[in-house]
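Engineer: Kindly produce the complete structure, drawing on both the sequences and the hints.
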Amino acid sequence: MTINASRRLRASAALLLALGTGVAAPAANAELNDADSYIELPGAGADARTTVSEVMARIESGSTPASSQREYLREFQQSLPRDVPRGYVRPVTLAQLEDQLRRPEVQASIGKGTIAVLYPNVEAQFRHAFTSIIQGIEERTKLRVRSYPVDPKVDVAELNATLKHNGTKVVIALGRQGLNATAGLDREITVLVGGVLLLSDAENVAGISLTPDPAVLFARLRALLPDLRRVVVVYDPAKSDWLIRLARDAARAQGLELVAHVANDLSRAAQLYPQVIGAADNRRDALWLPHDSTTVEESTILPLVLRESWNSGVPVFSSNMLHVKKGALFAMAPNNVELGRTLASSALGVIAGDGKRRSLTPLRELQTAINLRTASHMGLNLGHQQQRNFDYVFPQP
792 MTINASRRLR
802 ASAALLLALG
812 TGVAAPAANA
822 ELNDADSYIE
832 LPGAGADART
842 TVSEVMARIE
852 SGSTPASSQR
862 EYLREFQQSL
872 PRDVPRGYVR
882 PVTLAQLEDQ
892 LRRPEVQASI
902 GKGTIAVLYP
912 NVEAQFRHAF
922 TSIIQGIEER
932 TKLRVRSYPV
942 DPKVDVAELN
952 ATLKHNGTKV
962 VIALGRQGLN
972 ATAGLDREIT
982 VLVGGVLLLS
992 DAENVAGISL
1002 TPDPAVLFAR
1012 LRALLPDLRR
1022 VVVVYDPAKS
1032 DWLIRLARDA
1042 ARAQGLELVA
1052 HVANDLSRAA
1062 QLYPQVIGAA
1072 DNRRDALWLP
1082 HDSTTVEEST
1092 ILPLVLRESW
1102 NSGVPVFSSN
1112 MLHVKKGALF
1122 AMAPNNVELG
1132 RTLASSALGV
1142 IAGDGKRRSL
1152 TPLRELQTAI
1162 NLRTASHMGL
1172 NLGHQQQRNF
1182 DYVFPQP
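Numbering (the working numbering), first residue to last: 792 to 1188.
Take the hints with a grain of salt, since some may be wrong.
Claimed, not checked - With a Cα cut of at most 27 Å, we get these calculated DSSO-like pairs of lysine-lysine:
{"no.": "1", "residue 1": "K1147", "residue 2": "K955"}
{"no.": "2", "residue 1": "K933", "residue 2": "K944"}
{"no.": "3", "residue 1": "K1116", "residue 2": "K1147"}
{"no.": "4", "residue 1": "K1147", "residue 2": "K933"}
{"no.": "5", "residue 1": "K1030", "residue 2": "K1117"}
{"no.": "6", "residue 1": "K960", "residue 2": "K1147"}
{"no.": "7", "residue 1": "K1116", "residue 2": "K1030"}
{"no.": "8", "residue 1": "K960", "residue 2": "K944"}
{"no.": "9", "residue 1": "K933", "residue 2": "K960"}
Claimed, not checked - Label pairs and their in silico Cβ distance ranges:
{"no.": "10", "residue 1": "A974", "residue 2": "S1150", "range": "17 to 23 Å"}
{"no.": "11", "residue 1": "K1117", "residue 2": "N1172", "range": "20 to 26 Å"}
{"no.": "12", "residue 1": "A974", "residue 2": "E1088", "range": "27 to 33 Å"}
{"no.": "13", "residue 1": "K1117", "residue 2": "V913", "range": "36 to 42 Å"}
{"no.": "14", "residue 1": "H1052", "residue 2": "G1104", "range": "35 to 41 Å"}
{"no.": "15", "residue 1": "N1102", "residue 2": "H1052", "range": "17 to 23 Å"}
{"no.": "16", "residue 1": "D977", "residue 2": "G1104", "range": "17 to 23 Å"}
{"no.": "17", "residue 1": "A974", "residue 2": "R1075", "range": "34 to 40 Å"}
{"no.": "18", "residue 1": "E1088", "residue 2": "D1145", "range": "37 to 43 Å"}
{"no.": "19", "residue 1": "S1084", "residue 2": "E914", "range": "48 to 54 Å"}
Derived by calculation from the structure, the hints in this document are not laboratory data. Backbone N, C-alpha and C define an ideal beta-carbon position, used for all residues, glycine too.
Structural biologist: So this is what it looks like as structure tokens:
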């Protein structure tokens, strides 16, 4: 028997177990005709075949322990009425099927070793974001996943051997350090990236960038300032070209015009900001600060922009929540647990063989922060009920 055929046979047996059914006794003890035994699966015709193929795809990602199989069969045979012939297979509904797939032994079979997480080996006080993402992954998969803290000089060959030994099919790489550690992994292991900032689509990776999705940012902006008509941004094409392409479509969807100015270095950005803010209409325009290390430099550019914004009344919103503390009107930051859940859903899709083409996407799992002092200065008075729509409020009481 070939390896594939053997795996298929084991998967078929696991399928019957997952359906919460029994099977005929060994041939030596069986006194059954074909008519004595039947299987009734959910749905009919093509629907039934689709349902079974989906279940098979899940079960083939692991193996059911032999001890669990024997115990499962004993429990089932003992639960049957005495007048039911041996070999009978109980009909199941989709709801019952889902219940069976939630059984601990089946879940352990499906998920054992198939998803691993690599995250930077950093000090405990800097690890919270990564542990929150892992929490979300485990909440979505309903399983404990294997997590590996990696150092900058990790032995990639040893890591690859460990992952293969544990049956890893998908690696979720968190942070730039986690992503770098995947460089030498076997091609059979799919890599999904999360918690990495300023990824370009040219890097040929799949996953979720920490850069907030412009569509979510602009929707929040429009809800807060409904009279707004233009979004102004200064960006470096080498860092943010892929993001600006998305932003143009997102702005159009909100009835906004995106006015993008190119700055290839810090000097040019410092020249542009006073000009674009000075020419802006504080009733119709807002300035967006994306994650762009060239044009949104923290020690020089940010103080300049916030000062010009305060003096002119032109609202500034940001992709970096720390800017809200310093005076930006609002910003968005990752919801790490939700990010973990989304990454886990994508990983489960890979394991199930859903065939989707995965690429780099901006972050949609977001929380929002507002600066009430800046809002009040710009004539935007938010009541207590409105403040509750924000996850973080600054200055803090």
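Engineer: If a hint holds in the structure, say so; if it does not, say that too.
Structural biologist: Cross-check of the supplied hints:
1. Note on K1147 and K955: the hinted pairing holds, with a Cα-Cα distance of about 24 Å set against a maximum of 27 Å.
2. A threshold of 27 Å between alpha carbons decides the hint, and for K933 with K944 the separation of about 32 Å lies outside it, so the pair is violated.
3. Restraint check: the Cα-Cα separation between K1116 and K1147 comes to about 40 Å, which exceeds 27 Å; the hinted pair is violated.
4. Between the alpha carbons of K1147 and K933 the distance comes to roughly 23 Å, so the proposed pair stays at or under 27 Å and holds.
5. A hinted pair counts as satisfied when its Cα atoms are at most 27 Å apart, and K1030 with K1117 qualifies at roughly 24 Å.
6. For the proposed pair K960 and K1147, the alpha carbon gap of about 16 Å is at most 27 Å, so the pair holds.
7. At most 27 Å may separate the alpha-carbon atoms for a hinted pair to count; K1116 and K1030 meet this at roughly 25 Å.
8. For the proposed pair K960 and K944, the alpha carbon gap of about 23 Å is at most 27 Å, so the pair holds.
9. Of the supplied pair hints, the one linking K933 and K960 holds, its CA atoms being roughly 17 Å apart against a limit of 27 Å.
10. For the pair A974 and S1150, the supplied restraint of 17 to 23 Å holds, since their beta-carbon distance comes to about 19 Å.
11. Taking 20 to 26 Å as the suggested C-beta distance range, the pair K1117 and N1172 conforms, at roughly 21 Å.
12. Between A974 and E1088 the C-beta distance comes to about 29 Å, which sits within the given range of 27 to 33 Å.
13. Checked against the hint of 36 to 42 Å, the pair K1117 and V913 fails, with Cβ atoms roughly 25 Å apart.
14. Taking the beta carbon of each, H1052 and G1104 are about 20 Å apart, not inside 35 to 41 Å as hinted.
15. Against the hinted window of 17 to 23 Å, the Cβ-Cβ separation of N1102 and H1052 comes to about 20 Å, which satisfies the hint.
16. At roughly 56 Å, the beta carbons of D977 and G1104 sit outside the given window of 17 to 23 Å.
17. Restraint check, A974 to R1075: a C-beta distance of roughly 47 Å breaks the suggested window 34 to 40 Å.
18. Evaluation of the 37 to 43 Å hint for E1088 and D1145 yields a pass: the beta carbon distance comes to about 41 Å.
19. At roughly 23 Å, the beta carbons of S1084 and E914 sit outside the given window of 48 to 54 Å.
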